[in-house]
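Student: These protein sequence lines map, in sequence, to chains V and U.
Counting along the first sequence from 1, when you hit position 31 you're at 31 in this note's numbering, and nothing is skipped either side.
Counting along the second sequence from 1, when you hit position 13 you're at 13 in this note's numbering, and nothing is skipped either side.
Certain hints may be false.
[Said to hold, decoys possible] Below, simulated SDA-like cross-link-like pairs (lysine to any residue); rule was C-alpha separation at most 20 Å, straight line:
1) K125(U) <-> D44(U)
2) K59(U) <-> E74(V)
3) K125(U) <-> A71(V)
4) K14(U) <-> Q91(U)
5) K14(U) <-> Y6(V)
6) K125(U) <-> E74(V)
7) K59(U) <-> E47(V)
Just so you know, the hints here were simulated from the structure itself, not pulled from any lab data.
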Amino acid sequence: MVRLIYLARLRDALGSGGESIELPGDVGTVAALRVWLARRGGAWTHELAPGRALRVAVNHDLATADTPVRAGDEIALFPPVTGG
Amino acid sequence: MPVRVQTEDFDVAKELAQLRAGNRAVGAVAAFIGVVRDLNDNADVRTLTLEHYPGMTEKALAGIVAEAMQRWSVCDALVIHRVGRLEPTDQIVLVAVTSAHRGEAFAACEFIMDYLKTRAPFWKKEDTAAGERWVEARASDDDAAARW
Numbered sequence: 001m002v003r004l005i006y007l008a009r010l011r012d013a014l015g016s017g018g019e020s021i022e023l024p025g026d027v028g029t030v031a032a033l034r035v036w037l038a039r040r041g042g043a044w045t046h047e048l049a050p051g052r053a054l055r056v057a058v059n060h061d062l063a064t065a066d067t068p069v070r071a072g073d074e075i076a077l078f079p080p081v082t083g084g
Numbered sequence: 001m002p003v004r005v006q007t008e009d010f011d012v013a014k015e016l017a018q019l020r021a022g023n024r025a026v027g028a029v030a031a032f033i034g035v036v037r038d039l040n041d042n043a044d045v046r047t048l049t050l051e052h053y054p055g056m057t058e059k060a061l062a063g064i065v066a067e068a069m070q071r072w073s074v075c076d077a078l079v080i081h082r083v084g085r086l087e088p089t090d091q092i093v094l095v096a097v098t099s100a101h102r103g104e105a106f107a108a109c110e111f112i113m114d115y116l117k118t119r120a121p122f123w124k125k126e127d128t129a130a131g132e133r134w135v136e137a138r139a140s141d142d143d144a145a146a147r148w
């Protein structure tokens, strides 16, 4: 199981703040997770489509497309940040 | 190198005095204060709500400050970022750096702010006359961070 967290505008667009979910064996990176979630259709497909600006943090550290994801991880998906 | 995320306002004079209290090596204090504007992208902003990602926010800010302290010879640094509901003229963020000479304090302060803008998990939502909207990230902020 991993804990997925959706934040800010992405949470509103997906209508969900997060979920705990079992990842398929072939979903081992941030890039693969994004592709897998985008197959859900609707807002998921739209928001997670290639080219849409999206940031991902794995266990509270900013991640890149090839960052590994493993059982027990907290993985947050969010739009580019706008603080300051 | 304190880092704080809070809903309450902060007293800049008090924070700066505390940051350099008793440190005789400090010859310069540089500070940046971010403030809520009443106009953004041609819309009147009534209130601004700042959301963050608890747990990651503090870690990200501490990491940015640690990197600044590695790159420049600074005595100390402070970041305070507010979250929750804010109004035009309210203070949002304080970044302050102390050092022996001004050059290091200015550079480190600007670096921390540029990195915060692109790496710390905060998001602004504006309440305008036309309704609520999430603020879009600016490419110019990425460019500013890429300079370093």
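Student: Checking one constraint from the list: CA of K59(U) to CA of E74(V), max 20 Å. Satisfied?
Tutor: holds (14 Å)
Student: Would you check the hint for K125(U) and E74(V), treating anything up to 20 Å between C-alpha atoms as holding?
Tutor: Not OK: K125(U) and E74(V) at ~24 Å, beyond 20 Å, violated.
Student: Are the Cα positions of K59(U) and E47(V) separated by 20 Å at most?
Tutor: violated (27 Å)
Student: Is the Cα-Cα distance between K14(U) and Y6(V) 20 Å or less?
Tutor: Given that 20 Å is the threshold and the Cα spacing comes to 37 Å, the pair is violated.
Student: Is the hinted pair K125(U) and D44(U) satisfied, with a Cα-Cα distance of at most 20 Å?
Tutor: The given pair, whose Cα atoms are some 13 Å apart, holds under the 20 Å limit.
Student: Does A71(V) lie within 20 Å of K125(U) when you go C-alpha to C-alpha?
Tutor: The hint is violated at about 33 Å.
Student: Measure nothing beyond the straight line between the CA atoms of K14(U) and Q91(U); if it is 20 Å or shorter, mark the hint as holding.
Tutor: holds (15 Å)
Violated hints, listed in ascending order, are 3, 5, 6 and 7; each of the other numbered hints is respected by the structure.
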